[in-house]
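Make a model of the complete structure from these sequences and hints.
Protein chains in written order, with this note's numbering: chain A, 12 to 218; chain B, 12 to 218.
Fair warning: there could be bad hints in the mix.
For chains that are exact copies, the list does not tell them apart, and a pair is met inside one copy or across any two.
Stated by the list, open to error - Computed cross-link-like contacts, DSSO-like style, restricted to lysine-lysine with a CA-CA straight-line distance of at most 30 angstroms:
hint: 1; residue 1: LYS213; residue 2: LYS91
hint: 2; residue 1: LYS137; residue 2: LYS185
hint: 3; residue 1: LYS185; residue 2: LYS21
hint: 4; residue 1: LYS24; residue 2: LYS202
hint: 5; residue 1: LYS210; residue 2: LYS137
These aren't lab readings, by the way, just hints derived from the structure by calculation.
Protein chains: 2
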Amino acid sequence: MHFSVDNFDKLDKFFRRNLINSVTGFKSLNLVGTQNNNGLTNLAPFSQVFHIGASPAYIGLLIRPDSVERHTLDNIEFTKFYTLNHVLSSFYKQAHQSSARYHVSEFEATGLTPEYSSLLPAPYVKEANIKIGLQFEQRNDIRLNGTILIIGSIQELFVPDDCIGEDGMIDLEKAGTITCSGLDTYHTTQKLARLSYAKPDKDLFEI
Amino acid sequence: MHFSVDNFDKLDKFFRRNLINSVTGFKSLNLVGTQNNNGLTNLAPFSQVFHIGASPAYIGLLIRPDSVERHTLDNIEFTKFYTLNHVLSSFYKQAHQSSARYHVSEFEATGLTPEYSSLLPAPYVKEANIKIGLQFEQRNDIRLNGTILIIGSIQELFVPDDCIGEDGMIDLEKAGTITCSGLDTYHTTQKLARLSYAKPDKDLFEI
Chain A
12 MHFSVDNFDK
22 LDKFFRRNLI
32 NSVTGFKSLN
42 LVGTQNNNGL
52 TNLAPFSQVF
62 HIGASPAYIG
72 LLIRPDSVER
82 HTLDNIEFTK
92 FYTLNHVLSS
102 FYKQAHQSSA
112 RYHVSEFEAT
122 GLTPEYSSLL
132 PAPYVKEANI
142 KIGLQFEQRN
152 DIRLNGTILI
162 IGSIQELFVP
172 DDCIGEDGMI
182 DLEKAGTITC
192 SGLDTYHTTQ
202 KLARLSYAKP
212 DKDLFEI
Chain B
12 MHFSVDNFDK
22 LDKFFRRNLI
32 NSVTGFKSLN
42 LVGTQNNNGL
52 TNLAPFSQVF
62 HIGASPAYIG
72 LLIRPDSVER
82 HTLDNIEFTK
92 FYTLNHVLSS
102 FYKQAHQSSA
112 RYHVSEFEAT
122 GLTPEYSSLL
132 PAPYVKEANI
142 KIGLQFEQRN
152 DIRLNGTILI
162 IGSIQELFVP
172 DDCIGEDGMI
182 DLEKAGTITC
192 SGLDTYHTTQ
202 KLARLSYAKP
212 DKDLFEI
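Below, the structure is given as structure tokens:
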């Protein structure tokens, strides 16, 4: 099936939205935890989280301006702190449900449990295995369509002991982290292999 | 296991690199195809590709300035066109190998096959199922650490007929698309469910 720029405009709006949201491939799935100036907690699923740098350790979060995600943005800009919490298959339905437009805290609405560390004023999800605490560093507005790239510096990480290799690599599959595609589809994973560093004229091997 | 900003600096460099590269979760995996002004083709794996907007259809590509990915950036800026090609389990080792620092085309070096459409001067990977042709639109330099966000507009899409639903959602698993974690680990997926649009006070159902 071939779609080109000439017939994109003729596609049904929902068809196009699903098509373009699924065409980039599998995505990470994190619940972002924040709170507002009154201490009201907020939780929302994000599939657009990515690595910006290792030293200093920066993570990027892409936010659409016209969405329910707006509460998350307001809270990050006000309190300067937020958490990322990997989603497990044991609570992916609650994670999905947290995208609804609630007037109460999504923790309360979905039954997920807020949890705090002493380092920062943003709620973690107790049920998650891998958790990241971030401090807001920079907002980048993408002029092309108003999308906002938020960059945060990692303040702390929680990872189960038995899921970190000697070289620092996290075994996400062992930790139970799931992946997602499109706007609403969830998947577990099965490891094919970990491959050695690629060099010209050298054969790859599994590590 | 708990890491905090106070002890990040004491971590071994490679340990920290693996840790931070794996902590964001599963990632998309695309081979980016380009060519230079002499028609020399280039192919490189990228795990930092994401949805920027559906209408117009924009895709973002994150590029580290200090890497082999630099050839890709030069070619995109010179020719204004590039392709994204989903990686399948049948050629993920060749995709990984294409990250080596070759002086010849990575197509030639890895045995993957370049293929062209009439719409744009950048090579697709014939072996891929899902392919996206893009025109360069905007470069966003992230001041914090020199990372570069390239945004392109979709010019055309190739997707197998039997992998697109009536509502436009692509069945990535059926198409054979794989996912990756960290810098070097590859995974197939297994669908848990597709969930209905979340609304307050309404139960989710599988679709």
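TODO: Provide an ascending list of the numbers of those earlier hints which the structure does not satisfy.
DONE: 1
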